[in-house]
Amino acid sequence: MMRLRIILLCLMAMMASALPALAAGQAGGPSGISTTMFLFAIFALSCFVGYYVVWSVTPALHTPLMAVTNAISSVIIVGALIAAATSGEGNFSSKLMGAVAVALAAVNIFGGFLVTQRMLAMYKKKDS
Amino acid sequence: MSANLAAFLYLMSGVLFIMALRGLSSPATSRAGNRYGMIGMLIAVGTTLGVLLGDDKLDGTSFIILAIAIAGGGGVGAYIARKIAMTDMPQLVAAFHSLVGLAAVLVAASALHAPENFGILTLSEQSFDAVMNGLMSGEMPVAISSISLIELSLGAAIGAITFTGSVIAFAKLNGNMSGAPILLPQRHLLNIVLGLAIVGLIIFLMMSEGNAKWAFWLLTGLALILGVTLIIPIGGADMPVVVSMLNSYSGWAAAALGFTLGNIALIITGALVGSSGAILSYIMCKGMNRSFISVILGGFGADEAGPAGGSNQDRPVKIGSAEDAAFIMKNASKVIIVPGYGMAVAQAQHILKEMADRLKEEGVEVSYAIHPVAGRMPGHMNVLLAEAQVPYDEVFELEDINSEFSTADVAFVIGANDVTNPAAKTDTTSPIYGMPILDVENARTVLFVKRSLGSGYAGIGNELFYQDSTMMLLSDAKKMVENIVKSF
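For the record, the sequence lines run as chains G and A. Using our numbering, the first residue of the first sequence is number -15, and each one after it goes up by one. Using our numbering, the first residue of the second sequence is number 143, and each one after it goes up by one.
In case anyone wonders, no lab produced these hints; they're calculated from the structure. Every clue listed holds true.
Cut-off 30 Å, straight-line C-alpha distance, at most; resulting in silico cross-link-like pairs (DSSO-like, lysine-lysine): (1) A:K476 to A:K460; (2) A:K495 to G:K108; (3) G:K110 to A:K495; (4) A:K628 to A:K495; (5) A:K225 to G:K110.
Looking at chain G on its own, in the form it has when it is part of the complex (with noise of 0.2 Å):
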């Protein structure tokens, strides 16, 4: 079970960003587990979600998989608003940071979608 090794790099890559949230113990909520703690159970579990998932991905789509993984990980955008919206003295840095980085993911999420619907309106099926 060579594939075996994916999961291991997924719990690598858990384990490498579980260290600092373990290490800290922040002040938790009413059952004491720190926010880290429990955003880090979301990814765990998502990267077994995207495991099985991108598994049964047929490899005919798999570039199409690639532009809507692009379009979806600029979801980065939500960040970039927050930096957009900075405002306060001494802050302007900040805010031209945000405001470039929402432009630049504005141009993925409309490339990343539109390209992959474009590809994906092609794949046809015989005589349809």
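Given chain G, put chain A in place with the hints provided.
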């Protein structure tokens, strides 16, 4: 908007993104999947704007700036998506990855410089005195929490590597730069030193509680350099792995920043994209029977240009004309077409489809066989055939069609080479030994469209050229197929 409602909506958009990928399990459901993805994105952006409005953070100027940025960026993106040629898809994807990487760097930098906007400030732990002073003056000393610092500097570092790495990949794929590997002296050592320096700077930044902003910028700069030095030694034909890998990196960068922002949508998406890219890299490596590490270390196809050349020069080769090929195929009952990167370069997919249609009119059964690493990105050939309106149920993956070659009258190889080379099965000294190949040599006749008798990118001669049943059609792929169609 309450924090919980916002979190719920972000979760919704994360779930919609999962459904977008799930849709890709078949072309029939994929279009609906893509719409889910768009809705997910709309929800994520809407929620963020809602939260900003609710917190009174979105003043008039900001709103105008955002509108311009989104409209401008979106317009450019939509224009590119409409205009881009399908053969240029690998470059486009690489270019898009670079934008995600750069956006990640900018968001991280912005968070570092204006942490109060991102809610990542905690009480400083600098010293007892500072805290006491804070208590006296009524203004507690605050600093960015160390977890946030790690997350955002990791996000920036991975984003920076993605950015420059993708720019190099773009330049190689687009032909702005030679596809040949560029080998720097001591490149492995250089990469290790850069990597360690980045880790060291992240720790330093954390120790300084985010005050050493120069450390952030320096580590970002080093990561930008690392992106270049990682990708330049990797040869053109290994690009499917590189593009997938950068896809993966852009996901991990997004996930890291998702932690900084405490945003569920970003974390889910980052994990999805990260594993997607990792799996694609794995599939590509397996298609070449090479380890991921050996691809990343690079240099493949650089030094092996020699071995095949001399000894094979004088061997007899059957060279045919378009008329010969047309005659053979018209009289066949089963033809399997094997497309490769050469077809993409020559833009021969449309005329190829026309040829297949003409053959079908003659009662010939036509199908297509796709090797996992054919072309410059995963699924590259499938998209091009789809563009030429080849029905996807005539296009088969290697495992599904390989046994069919023995019953085929003609294997029509167009622009592919190494993926058909029987040396991968028999010659243990061959650099491609062990790579799964399409067994075209089992077909009754092999028609091989190629510009010259030269070797493929791996620099290995192909025994197939000299086989009795092989007929070489030496010409540009598009011109040759055009002539074949004319000769029917």
